[in-house]
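*Asks:* One-letter residues, chain by chain:
Number of protein chains: 2
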Amino acid sequence: MFTIGKASEQSGVNIETIRYYEREGIVSKPGRSAGGRRLYSSDEIAKLRFVRRCRDLGFPISIIQTFLSLTTHSDRSCGEVKVMAENHLVEINAKIENLVRLREALLSLSKNCDDGTAACPMLDALMKDGFGDDLR
Amino acid sequence: MFTIGKASEQSGVNIETIRYYEREGIVSKPGRSAGGRRLYSSDEIAKLRFVRRCRDLGFPISIIQTFLSLTTHSDRSCGEVKVMAENHLVEINAKIENLVRLREALLSLSKNCDDGTAACPMLDALMKDGFGDDLR
DNA sequence: CTAGTTCCTGTAGCCACTACAGGAGCAAGC
DNA sequence: GCTTGCTCCTGTAGTGGCTACAGGAACTAG
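Order-wise, the sequence lines are chains E and P.
Just so we're on the same page, the working numbering is the position in the first sequence counted from 1, plus 3.
Just so we're on the same page, the working numbering is the position in the second sequence counted from 1, plus 3.
Possibly wrong hints are sitting among the right ones.
The list makes no distinction among identical chains, and a pair is therefore deemed to hold if it is satisfied within one copy or across any two copies.
Unchecked claim - Calculated lysine-lysine pairs in the DSS-like style (CA-CA distance at most 25 Å, straight line):
{"#": "1", "residue 1": "Lys98", "residue 2": "Lys9"}
{"#": "2", "residue 1": "Lys32", "residue 2": "Lys131"}
{"#": "3", "residue 1": "Lys85", "residue 2": "Lys9"}
{"#": "4", "residue 1": "Lys50", "residue 2": "Lys114"}
{"#": "5", "residue 1": "Lys114", "residue 2": "Lys131"}
{"#": "6", "residue 1": "Lys9", "residue 2": "Lys114"}
It should be emphasised that the hints constitute simulated quantities derived from the structure, not laboratory data.
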């Protein structure tokens, strides 16, 4: 059994975040020591690590909760997981595309920004009509 | 002069967001009609549109406030703007790279997810040691 | 026994909005 | 002039996913 500090180290989840996950019911409440300190088993730490990895993959907490419930009663879970992962991939691709377009826009804006004139062409273009309304 | 609804339409900024910007001092308080309604000039609407476009480009409000102050006393503004835009480009590139790595990880995880077995290989991999801790 | 570290609860803050509730103003049609 | 329905007003609270205290209790090493 491990205290919250060790659990944090081993799972990569911040101590405050672990307590937050507990408050929100994202992970179940651990046992306590005689003095009232949280005590985590290896399984509970694995679950925290799982949550952290899913978060690193960009999944929102709501999806992760579904994942966690699927791991407990795991019949037909794989198909559902695949669908959610693929939906998430679509979102990630959209984000990448957006960022790439945004990068292009910003590059073309700042390219004119060298000439040392008083009025900045970039801010100027953003103030005027007709720019960038296709960015969303 | 335009009411907040028209200002919202013309600038692309949500009505509630306009009021939020005013509360936070991001844009200055507009005049009011006899009945107490906000009245916006074309200039004020242009400023709102400017803020919206900068937000669409991913700039945080704090940077946009600097932009706005630079547009008023615009000496040497262009160099500063360029630096901020380039820093922002660096951030955007980092985000894109992250998302691409993340997409790879997710693809390789869900690839094994077809075989109809009870235990999902993807969730399995995320539970076990040794995966994905390089995703930060 | 003491000093330092870790842990506890509870609350507030972060960003940039968004969503009400409950009421007032206003424009058009009858 | 009156109703209907839209827009607007203020104020407050919620969103997601944490993060940062404050003020105190418990454990650990020397």
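*Asks:* For each hint, tell me whether it holds in the structure or not.
*Replies:* Results for each hint:
1. Lys98 <-> Lys9: neither (35 Å within a copy, 30 Å between copies)
2. Lys32 <-> Lys131: Between copies only: 21 Å across, 56 Å inside.
3. Lys85 <-> Lys9: neither (33 Å within a copy, 45 Å between copies)
4. Lys50 <-> Lys114: Only across copies: lysine 50 and lysine 114 sit 23 Å apart there, 48 Å inside one copy, limit 25 Å.
5. Lys114 <-> Lys131: Within one copy only: 17 Å inside a chain, 48 Å across chains, cut-off 25 Å.
6. Lys9 <-> Lys114: Classified as neither; 50 Å inside a copy, 34 Å across copies.
When held up to the earlier numbered hints, the structure conflicts with 1, 3, 6 and fits the remainder.
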